[in-house]
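Q: This is what each chain is made of:
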Amino acid sequence: MIAFILISVLLVLMIAAAIYAVVQKDLLYAVIATGIISLVLSILFYLLQAPDVALTEATIGVALTTIIFVITIRNTERMEVEADKEENIKSTKK
Amino acid sequence: MKKVLVILLLAVVGFYISETFFDIGFGNSHFVNNEVIKPVKDTYLQQTVQELKVANTVTSIVVNFRGFDTLGEVTVLFLSVTALGSILYKRRHHVGDRSVLFSASSIVTAGSKLLFPAIVLLGTYVFIHGHLSPGGGFQGGVIIATGFLLMLLAYENYSVSHTNLAIVESLAGVTFAGVGLLGFVYGEQGTFLENFLPSGVLNDLFSGGVIPIIYIAVGFKVAAELTGVIYTVLNEKGEQNG
Numbered sequence: 202m203i204a205f206i207l208i209s210v211l212l213v214l215m216i217a218a219a220i221y222a223v224v225q226k227d228l229l230y231a232v233i234a235t236g237i238i239s240l241v242l243s244i245l246f247y248l249l250q251a252p253d254v255a256l257t258e259a260t261i262g263v264a265l266t267t268i269i270f271v272i273t274i275r276n277t278e279r280m281e282v283e284a285d286k287e288e289n290i291k292s293t294k295k
Numbered sequence: 124m125k126k127v128l129v130i131l132l133l134a135v136v137g138f139y140i141s142e143t144f145f146d147i148g149f150g151n152s153h154f155v156n157n158e159v160i161k162p163v164k165d166t167y168l169q170q171t172v173q174e175l176k177v178a179n180t181v182t183s184i185v186v187n188f189r190g191f192d193t194l195g196e197v198t199v200l201f202l203s204v205t206a207l208g209s210i211l212y213k214r215r216h217h218v219g220d221r222s223v224l225f226s227a228s229s230i231v232t233a234g235s236k237l238l239f240p241a242i243v244l245l246g247t248y249v250f251i252h253g254h255l256s257p258g259g260g261f262q263g264g265v266i267i268a269t270g271f272l273l274m275l276l277a278y279e280n281y282s283v284s285h286t287n288l289a290i291v292e293s294l295a296g297v298t299f300a301g302v303g304l305l306g307f308v309y310g311e312q313g314t315f316l317e318n319f320l321p322s323g324v325l326n327d328l329f330s331g332g333v334i335p336i337i338y339i340a341v342g343f344k345v346a347a348e349l350t351g352v353i354y355t356v357l358n359e360k361g362e363q364n365g
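Chain order of the listed sequences is A and V. Start counting the first sequence at 202; every next residue gets the next number (the numbering used here). Start counting the second sequence at 124; every next residue gets the next number (the numbering used here).
The shape of chain A in the complex, shown without the other chains (with noise of 0.2 Å):
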């Protein structure tokens, strides 16, 4: 009963980091916040006694994917531009 509460508390975690990454509108933290889904992950699959596949999520999930897409974040734009703004911005450069 325990392990099923963890469980469902570690699931809510995820999707509720999810979906802070997809509305948050700096990308930096957006970027972090897919970081904890995968840490949260990596426990889960450690919980549901899959340490294999924990290991590969948390050495790749959490520390590779997030520090190259920081550094892409890094040498781009750290806001997000929304799309039709894009577009009016484009059409005005022209």
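Among the hints, erroneous ones may be present.
Said to hold, decoys possible - Mimicking DSBU-like on lysine-lysine, the simulated pairs with C-alpha atoms at most 35 Å apart in a straight line are: (1) V:Lys126 x A:Lys226; (2) V:Lys176 x V:Lys161; (3) V:Lys164 x V:Lys176; (4) A:Lys226 x V:Lys125.
Note that these hints are calculated values from the structure, not bench results.
Since chain A is already given, all that's left is putting chain V on it; use the hints.
A: Just chain V, lined up with the frame of chain A:
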């Protein structure tokens, strides 16, 4: 209108995916005792312990029973790294001057100097003990690559030799394929990636025949490839816009 359409499409896709998953019924007695799945599962579990003497069943499946798939996986990783290098090659004249927003503080530089050997040791432990404990070549290699990432972030002038990375990667790949080819010569049935070394004792470090050799090769290969990826991406100077 567009958003409603997207949500509608997602709902349809989600409905069919969830329906499929409910039909499978993971962990049910029906699923475990299925006459198609049960013999496969039992054979894997018995052969792993009795013939190969490997404590970690996942490793024995990945490296021995499905070793050819792992070779393909390693090839896919190699190809993606090669593609990344060829795409970013044009602007490679910036190598050496990494774009840094702010230099790392003395705490970070001193701490990463202390942590780096420990991280590499952990990665090495993970892939050497791949057949005994959770983890293996991929996980250990990624851990080592994150250690190199830490050093690259902490020290602005820390650099990795691309030639050394290429040599390590090629040697590891050749070892994997060579061990697989030796199975033709020395294996009982003469098949690719067959175990030709003595299996040893269960839970011993030198057990499982060729599995530790292959996993050490995979660990070196993945570590070299991902370090190369991180180094290439970090040295990629974006055009400053805005």
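Q: Each of the hints needs a verdict: does it hold here or not?
A: Cross-check of the supplied hints:
1. V:Lys126 x A:Lys226: 18 Å, holds
2. V:Lys176 x V:Lys161: Measuring from Cα to Cα gives roughly 21 Å; hence the hint holds.
3. V:Lys164 x V:Lys176: 17 Å, holds
4. A:Lys226 x V:Lys125: Satisfied, since the Cα-Cα distance of roughly 20 Å is no more than 35 Å.
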